[in-house]
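Undergrad: With the hints as extra help, turn the sequences into a complete structure.
If you read the protein sequences in the order shown, they are chains E and Z. For the first sequence, our numbering begins at 46 and goes up steadily by one. For the second sequence, our numbering begins at 46 and goes up steadily by one.
Just so you know, not all the hints are guaranteed correct.
What the hints assert, rightly or not - With the C-beta cut set under 8 Å, the calculated list includes, among others, these residues of chain E facing chain Z: (1) A75; (2) K171; (3) L234.
Stated by the list, open to error - Below, computed lysine to any residue pairings styled on SDA-like, alpha-carbon distance capped at 25 Å: (4) E:K95 / Z:Y74; (5) E:K221 / Z:K111; (6) E:K230 / E:D141; (7) E:K191 / Z:R223.
Treat the hints as calculated values from the structure; they're not laboratory data. C-beta: ideal position from N, C-alpha, C; glycine also.
There are 2 protein chains.
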Amino acid sequence: MVKIENSKRTILNLAESLLQDKGFNGFSYAHIAAELGVKNAAIHYHFPSKEDLGRAVIQRYRDRFKLWINNTRVKDLSPQEKLDWFFSIYTDMRSDKGKVCLVGSMEAEFNSIPEGLQAEVEGLHKELLKWLEATLSEGRETGVFKFNGEPANKAALILSSVQGALQMARALGTKKFRDVVEQAKLDLLV
Amino acid sequence: MVKIENSKRTILNLAESLLQDKGFNGFSYAHIAAELGVKNAAIHYHFPSKEDLGRAVIQRYRDRFKLWINNTRVKDLSPQEKLDWFFSIYTDMRSDKGKVCLVGSMEAEFNSIPEGLQAEVEGLHKELLKWLEATLSEGRETGVFKFNGEPANKAALILSSVQGALQMARALGTKKFRDVVEQAKLDLLV
DNA sequence: TGACAAACTTACTACTTAGTAAGTAAAATC
DNA sequence: GATTTTACTTACTAAGTAGTAAGTTTGTCA
Numbered sequence: 046m047v048k049i050e051n052s053k054r055t056i057l058n059l060a061e062s063l064l065q066d067k068g069f070n071g072f073s074y075a076h077i078a079a080e081l082g083v084k085n086a087a088i089h090y091h092f093p094s095k096e097d098l099g100r101a102v103i104q105r106y107r108d109r110f111k112l113w114i115n116n117t118r119v120k121d122l123s124p125q126e127k128l129d130w131f132f133s134i135y136t137d138m139r140s141d142k143g144k145v146c147l148v149g150s151m152e153a154e155f156n157s158i159p160e161g162l163q164a165e166v167e168g169l170h171k172e173l174l175k176w177l178e179a180t181l182s183e184g185r186e187t188g189v190f191k192f193n194g195e196p197a198n199k200a201a202l203i204l205s206s207v208q209g210a211l212q213m214a215r216a217l218g219t220k221k222f223r224d225v226v227e228q229a230k231l232d233l234l235v
Numbered sequence: 046m047v048k049i050e051n052s053k054r055t056i057l058n059l060a061e062s063l064l065q066d067k068g069f070n071g072f073s074y075a076h077i078a079a080e081l082g083v084k085n086a087a088i089h090y091h092f093p094s095k096e097d098l099g100r101a102v103i104q105r106y107r108d109r110f111k112l113w114i115n116n117t118r119v120k121d122l123s124p125q126e127k128l129d130w131f132f133s134i135y136t137d138m139r140s141d142k143g144k145v146c147l148v149g150s151m152e153a154e155f156n157s158i159p160e161g162l163q164a165e166v167e168g169l170h171k172e173l174l175k176w177l178e179a180t181l182s183e184g185r186e187t188g189v190f191k192f193n194g195e196p197a198n199k200a201a202l203i204l205s206s207v208q209g210a211l212q213m214a215r216a217l218g219t220k221k222f223r224d225v226v227e228q229a230k231l232d233l234l235v
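TA: See below:
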């Protein structure tokens with residue numbers, strides 16, 4: 046008997062990775078089991094249904110994001126540094142086997158995933174937007190960012206564009222992703 | 046015996062719709078057959094493999110886009126009108142049962158679709174970008190658009206953002222999609 | 001030391017998947 | 001009018017899917 050927490054965490058890690066690589070309909074319990082060297086039923090023991098597994102992955106992601114943004118390491122950064130940190134999350138995904146944003150992956154397949162997952166995705170997306178909006182707002186007030194319109198709309202545009210850019214990079218290469226990030230920064234220049 | 050062209054076209058219409066609704070891994074030959082009131086094998090008669098069907102959908106989409114942009118209806122428009130026409134394509138997708146961009150849908154599942162499809166998606170994405178870049182270039186030269194940096198990068202950002210915004214709208218509603226489009230226009234204002 | 005519970009395996013079910021081979025009815029072509 | 005071609009249906013196959021029930025091993029704790 047190995048430690049509970051390790052098995053469960055390893056499954057979540059693999060599921061998260063597969064979600065961002067192949068999509069929810071693109072991986073199966075058999076893939077996870079094979080990779081871990083266990084049987085299918087072992088995965089069902091920890092996560093009875095695929096919906097349970099998907100929900101757990103997103104819930105963990107949400108918790109992690111909340112922890113990050115409330116950590117002084119991020120909280121005390123300047124708006125520009127906060128934005129750079131934000132972009133670096135996506136740059137890291139691109140570097141990590143060309144993964145895409147969890148939210149984008151699930152929203153592309155939104156109408157063929159369980160409802161419980163849809164609700165979880167909605168929650169995560171709102172949290173990402175809210176933080177980005179606050180960061181853009183703070184940056185404009187302190188005069189380091191410049192843009193027209195509502196911070197909420199600018200946040201929606203920037204988040205959509207990095208989400209889309211990670212997908213674009215799969216067909217057109219990493220350079221295209223970097224171009225989008227650079228353009229997004231350029232469009233905030235005072 | 047019904048007409049060849051009608052059957053084939055009906056299958057393509059349904060497949061395109063399902064691709065933009067559920068994703069490549071989210072629909073099956075059985076779905077199409079049931080909807081059309083025929084048997085599975087009838088679909089295989091027209092498109093031997095699912096890869097053949099997917100390729101045909103994207104090839105038709107590429108042909109359609111080429112026809113549109115070379116038609117005087119679009120070719121003779123002003124840069125602003127061209128951009129509005131471009132955005133209207135995506136607005137129409139959103140109105141049509143919350144569909145997403147074909148390219149975004151396939152790129153989200155890129156690593157779990159056949160290689161022949163990947164190549165076709167790459168081609169389509171390049172064509173979309175090329176046209177948008179030319180339109181932005183023309184608009185900046187004639188003084189109706191204003192932006193920093195390369196037109197190619199601005200095109201990549203705008204295309205990524207509408208692609209991402211259609212996905213975002215599935216979780217957060219149509220208003221969010223419209224907000225992104227308005228912000229994109231605002232960011233081009235002279 | 002014995003009961004219990006955690007973390008599995010074995011062995012399975014019911015269903016869906018893409019894909020095929022052989023047959024059939026009707027339309028088009030010679 | 002006979003032959004061929006088109007557009008299917010019928011009837012499969014082999015593989016993969018999520019999920020379950022019952023048994024087994026192994027560590028923990030009273």
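Undergrad: All the hints need checking, so say for each whether the structure fits it.
TA: Hint check:
Evaluation of the A75 of chain E hint against chain Z yields a violated restraint, the C-beta minimum of about 14 Å exceeding 8 Å. With its C-beta approaching chain Z no nearer than about 7 Å, K171 of chain E sits inside the 8 Å limit, and its interface hint holds. The beta carbon of L234 of chain E is positioned within 8 Å of a beta carbon in chain Z (closest approach about 7 Å), and the interface hint is therefore held. A C-alpha spacing of about 23 Å is found between K95 of chain E and Y74 of chain Z, which places the hinted pair at or below 25 Å, so the restraint holds.
Taking the CA atoms of K221 of chain E and K111 of chain Z, the gap is near 23 Å; set against the 25 Å cutoff, the hint holds. Simply put, K230 of chain E and D141 of chain E have alpha-carbon atoms about 23 Å apart, close enough for the 25 Å limit, and the pair holds. With a C-alpha separation of about 21 Å, the suggested pairing of K191 of chain E with R223 of chain Z holds against the 25 Å cut-off.
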